[in-house]
Each structure stands twice: as C-alpha cells, then as structure tokens.
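Peer 1: Use these hints to put chain B with the ligands onto chain A, whose structure you have.
There are 2 protein chains.
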Amino acid sequence: MKQINVGIVGYGVVGNGVARILEEKKELLIKKSGIQINLKKVFTRNWNKSFPYPLPEEKKAYSLEEITEDKDIDIVVELTGGIEFPYNLITECIKKGKHVVTANKALLAEKGKDVFLLAEEKGIRIGFEAAVAGGIPIIRALREGLVANSIERIYGILNGTTNYILTKMLKEKKDFNSVLKEAQELGYAEADPTLDINGTDAAHKIAILASLSYGGFIDFSGIYVEGIEKVNNLDISLGRELGYTLKLLAIAKSHNGEIEVRVHPTFLPSEHPLAKVDGVYNAVMVEGDSVGETMFYGKGAGSLPTASSVISDIVDIGKSIALGVGREIEVTSMNWEHKDLSLTKVSDFYTRYYLRFTVPDVTGVLARVAAVFAKYSISIAAVIQKEKVLSFTGEKKEKVVPLVILTHTASENNIQKAIKEIEQEKITVEKTVLIRVEDEEI
Amino acid sequence: MKQINVGIVGYGVVGNGVARILEEKKELLIKKSGIQINLKKVFTRNWNKSFPYPLPEEKKAYSLEEITEDKDIDIVVELTGGIEFPYNLITECIKKGKHVVTANKALLAEKGKDVFLLAEEKGIRIGFEAAVAGGIPIIRALREGLVANSIERIYGILNGTTNYILTKMLKEKKDFNSVLKEAQELGYAEADPTLDINGTDAAHKIAILASLSYGGFIDFSGIYVEGIEKVNNLDISLGRELGYTLKLLAIAKSHNGEIEVRVHPTFLPSEHPLAKVDGVYNAVMVEGDSVGETMFYGKGAGSLPTASSVISDIVDIGKSIALGVGREIEVTSMNWEHKDLSLTKVSDFYTRYYLRFTVPDVTGVLARVAAVFAKYSISIAAVIQKEKVLSFTGEKKEKVVPLVILTHTASENNIQKAIKEIEQEKITVEKTVLIRVEDEEI
Ligand SMILES: NC(=O)c1ccc[n+]([C@@H]2O[C@H](COP(=O)([O-])OP(=O)(O)OC[C@H]3O[C@@H](n4cnc5c(N)ncnc54)[C@H](OP(=O)(O)O)[C@@H]3O)[C@@H](O)[C@H]2O)c1
Ligand SMILES: NC(=O)c1ccc[n+]([C@@H]2O[C@H](COP(=O)([O-])OP(=O)(O)OC[C@H]3O[C@@H](n4cnc5c(N)ncnc54)[C@H](OP(=O)(O)O)[C@@H]3O)[C@@H](O)[C@H]2O)c1
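Top line first, the protein sequences correspond to chains A and B.
For the first sequence, the working numbering assigns the number 33 to the initial residue and increments by one for each residue that follows.
For the second sequence, the working numbering assigns the number 33 to the initial residue and increments by one for each residue that follows.
Excised from the complex, chain A in its bound form (with noise of 0.2 Å):
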C-alpha cells in the first residue's frame, strides 16, 4: 500500500485537530481511501507550550527546513494564518514540488491568483476545502457535484462569531456590544473580534467561492464590505414585523458579464432557509441552472470540522499521488475562464432595501419623501409608521419617530441620491439607515 507522507506547520486549533485525526482514525482512512497517510512532522514556532493533542518528540519539527527540505514529505499543510508568512511558505512547496493543503481563507482570497496560476505552472494540488465554511464540503460541491451547472447566485452565511451575535440579538433584544463580549466570554468570539465583525472574514470567504464558481480571478479590494459594528436593534425588529431576518449575508451573482460580490448585514425573507441557520453555524445557499436552489450547512470552524475538512483534501490528493496520475488536465486552480474578473461597481448594485428615516412626527412628511422616492423612479413597498418616540426635536419639541420605507428592485445609484436629497432637504433630524434586502422578486 502507498504511504502518503504528510508535514503540518502550524499547530494551533486547527493544526492539532489534523493530527488528532490522522492518528485516531489511521485505520478508517486506510480502509477507506486504500492509501496509508502517515504524519511525518509536524513544525510550530513554539513548542514551550502545552497543546490539546500533544505530540511524540520525533514527530516534533524545529525549523522549517525540517519540513519544507524533507524529500519523502508529499504534502506540506499550511495551518498558522496571516498572509506573508504561508505565502512565502506555500509558494517555495510548490517550487519543491509538494502538494499543499491549506485553510487559510485570507490568504487564497488576497493572494490567491499568485498561488493558483504557480500551482498550475507546475502541477501542483492546492487544496482548501477547509478554507470556505468549515466542515461543510462546499468547494467539493462547486467543483465536481454541480460541475454541469452555470452557478446563477451563491450567498450564504459564512462567519459563525457574526451569526452567533445577530442570533443572540434578534432572540434575547440585547444590544450588540453586551452580546459581543458574551460571545468573547464564552470563545465563540476571538479577542481581537475585527476580522470577523466588520465582514473581513466572510468577504475572503464568498471571493473564493466566486472565484470558484464564475472561474476567474477577483480583486479583493474590488470586494463591497460592511460589518455589523452599526447594526442595532431597533432594526431588527422593525424588519422582523415585515417578514425578515436579518442576517450577516455574504452574496456572489453574475450579471451582464460581471459578478456582483458583497458582505453585508442583509434582510432576508424570515421563511428563506438561510434565516433559520442560528448560532455559530453556517450555510451557503447555491443556485444553479440545472439544480436549481441547494443548500449546504454545518460548523463552519472549530477544531475538528475544520480538521475534517482539511483531510479530506489530504485524502484526495493523496489518493491522486498514489494513483501516479499524470498533471495535464487536473484542473488546479479556480481559474477555468482563464481571465480576471470583472466586479460590478457599488452603485450599479440592483436589490432591494430597507431605509429607516428618523424623522419628526408631523403631517407631510411621508408626502415629502415619497415624492423623492418618485423622482428617482423607486417603487415603495411597504411602509411601517411607528408611534415610538425615539426624541424630540426643534423649538416646539416635536416627537422623533422611525418611519420605514422597504421597497422594490431599485438602483444603489437611485438609492442613494434619494437618501442624499431627503437629508438634504432636512426632513430627517438623523443618519438614515440602509440595509439591503435578499429578496428577488419576479
């Protein structure tokens, strides 16, 4: 039997959760791929630690080399995070001609057309099923289950710390502050939160899949990103009285020619799917020509979903090696249009949206905007008028309430220009609210 050889570097969350497995389930994975992964070394830049799967000193790597020079190690596995060190990493295993496993998210979508057009020069694997959602095999399900399929809308959930917060928002009517420092409390969010909260995540999350899905390169910074810092819960439960949930939504589509990629807090319809993926999980709704709408959900982090991401990767490409297969048409990176992307401009964006106007509470004012609503040729909706008192305002103290517009399909151009010109003109007394809504209307 062919024995695969195997190198960790990093061994953190995920990297210990890789190890545990490949130990504990050698026989499982022996009989069920016929090849024998054998885990040669593993290097971390600090052993002076101690570690959840603690490891047997020779398996314990001292410096790089240990692994990167090692002739009989097949697949480097790149688990530290940050993008410069495993960039420099990853690219010298390829040159050394070793196949590469990795679940580094930030580094695929910033550095990723480097990595992936090397890879391809020279016939080498990167796997990064773990990257994208955890334990769910979502890029698996992109590649080969729903290879047939012109891939119309892909949007899912795909930050579990941000879907944990707007859950424990919508359900316990807490503010996001005492929520975020629950979830730190409790480790579904990390100490330094930022990534995660303003959408960071979530976006090198939905660029692979894009990428993944319309074959091409995308420029990261070309990305729409807003984080849920701002969302409050005056909001969310004004949108839940209309039908919706809100929800941290990252959304790839492909429109005349271009792709529309953006990371938002999003209404979706509370009946949609994606609405009812609570807490820490995550989702990733694809639609297909073919297939039509599907759905795929799970953990998307932790230490063994990540881990049982990451080996199946090692599994198939070890498979690959044993089977002496040849590196003419294995398709290795995301790049099967062979061309760059083209990413549609923020205000070419064409959804719909939720404004909430924070205005005085007198007669003429939903005449006002309305009228503006017409001007720029956006169709209302529905209109929610609330009592609520939020504050007063002007010389004669009239009460402040929210008046909430949802509409129909309408331009962000539109949009915004409206917003501007009600602002303008001072019908409001405070910074509208936008949040976009996922609800295609036929």
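Don't take every hint at face value.
Note that the list lumps identical chains together, so a pair holds whenever it fits in one copy or between two copies.
What the hints assert, rightly or not - Subject to a maximum C-alpha distance of 25 Å in a straight line, what follows is the list of computed PhoX-like cross-link-like pairs (lysine-lysine):
hint, residue 1, residue 2
1, K371, K57
2, K143, K64
3, K431, K418
4, K428, K458
5, K371, K64
6, K63, K145
7, K154, K63
8, K154, K34
9, K463, K377
10, K371, K127
11, K213, K262
12, K145, K64
13, K64, K154
14, K203, K308
What the hints contain is simulated information worked out from the structure, not anything from laboratory work.
Peer 2: Relative to chain A, chain B with the ligands alone:
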C-alpha cells in the same frame, strides 16, 4: 484534449435532461473539466414519440448493441428504471470494460452487492450520485468530503412526493387522499405512486447511504419500512401541539456493531432543520464524529436536477479515464469494510414514541395506562388528554377521546408489549397509533 464517449440507455425524464446539458453546456464542461464529453448514442425502446429534447437521427440507437458493442463508448449511462433489465445491462457493460453511471436506486439497493463486487473485480467505476436525493451531491460528500468521519447517524427526507403530501396535510389541514389526488394532478406524484407512498423509494435511498456510511452491504429486505398511507390529520395536529412536526424520515445509525435502518412517519422537533424542509425538497442530515451535524438540501428529483448529478459522475469518471488512472486503489464499491452489515431487529429499536390511545372519557383510564407503562419500564415525557370527542362507546354511550403519550427513550419491544397489554385489557376502544419520534435525549 481527450474525448470521452458516452452512451445513454433510456430516454425519459432524466435521459432528456442529461442529453440537453451535455449538448448545451459542452463548452462549459470542457472549461471546467479539461475533457471533452461526447454524447455518442442514445438507445430507448421506442423512438416513435415526441421528446422534450429531440435528438438528431445520428444520435439515435435502434438496438442496445449499438451501445454495448461500441468499443469507442467509455461510459454507459443507465436511465431506464426497474431492476431486471438494468441489472443485465450494467453487468454486461462492466464485463465489457465500460464504466457505468446510473440513477437507479431500486437496482443499487436491491442488487448493489452483485454489481459493486463485479465492478471492483473488473476495475470498473459505478457512478450513482443521482440515485439518492437527485441534484444534491450527497454521495460525493459522504465518500470524499466527510471521509475523516465515522458516521454516527445519517437521516433525512429522501422522497419529495411524500414530503409534499405531508407538508400540504399540515398547512392546509386536508386529508391524505385529497392531497394525494391534488399532487397527482400537479405532477408531483406519479400515476402509480405506490413506491413513494409506501416508503420503498426512501428505503432504497437510505440503504445506499447506509452502505456507503458504514462500508458494507445491506440486505434490503431486512430494512423496516412503513409508508404514510395511514397518516391521520389528528396526529399531525396533536404532534404539533407537543412541538413536533411529522415527516417521512429515512434513518440509519450505528450502535453496538449493528446498523439500524428504518423508514417511517416520524415526529421531529419543530425547530429541527429537517422539520422545516417543505414541499418537494429533499434534505439529508449527516452526523459525523469530527464534523458534527451537517445538512445537504435541494431538489430530490426532476429532469435537470437529477441530470446535474448524472453529469457530475460522467465528468468524474471521464477525468479518471483521461488521466489514465490505474485501477489498483480506486474504491469502486461501497464495501470498504469488506463485509455484510448486520441490521438491528425491529424489536431492538430504541427511540422515543408518540402513542395515541383511543379511550372512553372515564376516570382512571390514564392511571391504568400509566400502570402498564411502569410495568415495562417505559418513562412518560408528556401527556395530552383532549376534550375532543371522537365517538361514543358502550351501553352508557361514554364519550371516546384521544389520549396521547409521548415517551422517553424506550425499546420497541417494551412498547409493543405495553400496547398489546393495554389493548387486551380493553382500556382502549380502537387500534393504538404509534409514531416514532427522532429527538435524541442526552
Ligand atoms: N480555527 C478555526 O476554526 C478555523 C476554521 C477555518 C479556517 N481556519 C484557518 O486555519 C488557519 C489556522 O487557524 P487556527 O485557528 O488553527 O490558528 P491558531 O490556533 O492561532 O494556530 C496557529 C498556529 O500556527 C503557529 N504559527 C503562527 N505563525 C507561525 C510562524 N510564522 N511559524 C511557525 N508557526 C506559526 C502558531 O504558533 P503560536 O501558538 O506560537 O502563535 C499556532 O501554533 C488560519 O488560516 C485560519 O484562518 C481556522
Ligand atoms: N425522474 C426523476 O426525477 C428521477 C430522480 C432520481 C432518479 N431517477 C431514476 O432514474 C431512472 C430513470 O427515471 P426517469 O424518470 O427518467 O424514467 P422515465 O421517464 O420512465 O424514462 C425511462 C426511459 O427508459 C426507457 N426504457 C424503459 N425500459 C426500457 C428497456 N427495457 N429498453 C429500452 N428503454 C427502456 C423508457 O422508454 P418508454 O418511454 O418506451 O417506456 C424511457 O425512455 C429510474 O431508475 C429512476 O428511479 C429518476
């Protein structure tokens, strides 16, 4: 570029979808897979009718031999249905060195062992992604994506027709027969829906999933199967009151070295993700020891969704052929444990139960029922005794009412004994309704 020649046998709902996608998406498939798939010939027994995707004359075969004897055809796609004919066809193809793709769950569930062992012997691959849950890539997920997992439980909604009927019964409070008739008129149920309604179709599919999950062969005749023919609106609504939704669930789990496989109407907690899968959609929940809970959701049938999966197999096998993959380690069968799996006997099922007794509305009835339960060590979780009068009984014309008991986990053996004793003691006036509840207690 390597060209892979495909022959299709059977040109109905799925066959037309496959031909359409192969022709219309030729370019996309080349880009994504690096191979060129050529639909060489299609055989069906009667070309004298109209087809949704009409074929040019040169693609039509008028005898089976035009496919089976054509040395250029690499992959034969079996899309006829039934068992006898496709069994002979597939074994012939295997012997002739042709790889096979099929959507035929009946064949694989009932004759899979013969087919897979022969294929393994001959080094032939059998693709069957489309046989379970239509367009959902669940076979690939189990085989590859979740390879690092021991599967603790796999269960789901695997038949769209029955899920459509149960959804309608719940939402519109209509009875089984009228909803079935409606479903037939709308084309959601076949003219002869027997195999759907009586659970056989779902049983075929869970047999395949269980084989794959536990790595051996399953004696199909040993699977416990109950259909939805006798499902009653009263139970749907009483279950709802207790917080449960009724679904036709197909379940496989492993314990004590045995595999428990069963299909029956099942109450699921209404908050469970599967409880929210409505209409003709399918969904499969997989619990792996590493990944935790994952769910796969999508269309379980229909021409293009099913064809989407058929084509994923053609591409996958086509790529292997093009790469000149050796035969030594490709796992061609589901038999990675190399054994027959032993099935748990019905009497050894261990689950929760919903029991509806039909009893006269007199004092002491609940006490008598509870006494029998205690005797068989069955612990009661909840009771609903209803004012609702079903009929009248006895000389005194006493009111007859439903008495519903939800148990904690109990053995089927004890439950059956308790019901028998309660009925023999004539505490009840009608046959007791038993519905199993899938709600793991910790
Ligand atoms: N955690 C998850 O659930 C999850 C899910 C999906 C994807 N990922 C991705 O998986 C990767 C690893 O995540 P993680 O959660 O396992 O991170 P982690 O717990 O912080 O572990 C990172 C490990 O890499 C080591 N390391 C960092 N820089 C190094 C360097 N320059 N040289 C040698 N070792 C270095 C760290 O050592 P020190 O301990 O000395 O810092 C630590 O052992 C990241 O790319 C992450 O985005 C994680
Ligand atoms: N339909 C779905 O959504 C779906 C989903 C998943 C799996 N499947 C499976 O896919 C297979 C095909 O289903 P389908 O819905 O496409 O069935 P279908 O519409 O009834 O088509 C079957 C085709 O096979 C032909 N055929 C039957 N017996 C034949 C024979 N002995 N020789 C030559 N041709 C023969 C039929 O010809 P005639 O028209 O002359 O009878 C017809 O063209 C079945 O195994 C089914 O269980 C179907």
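Peer 1: If you test the structure against every hint from before, which numbers come out violated?
Peer 2: Violated hints: none at all, because every hint is consistent with the structure.
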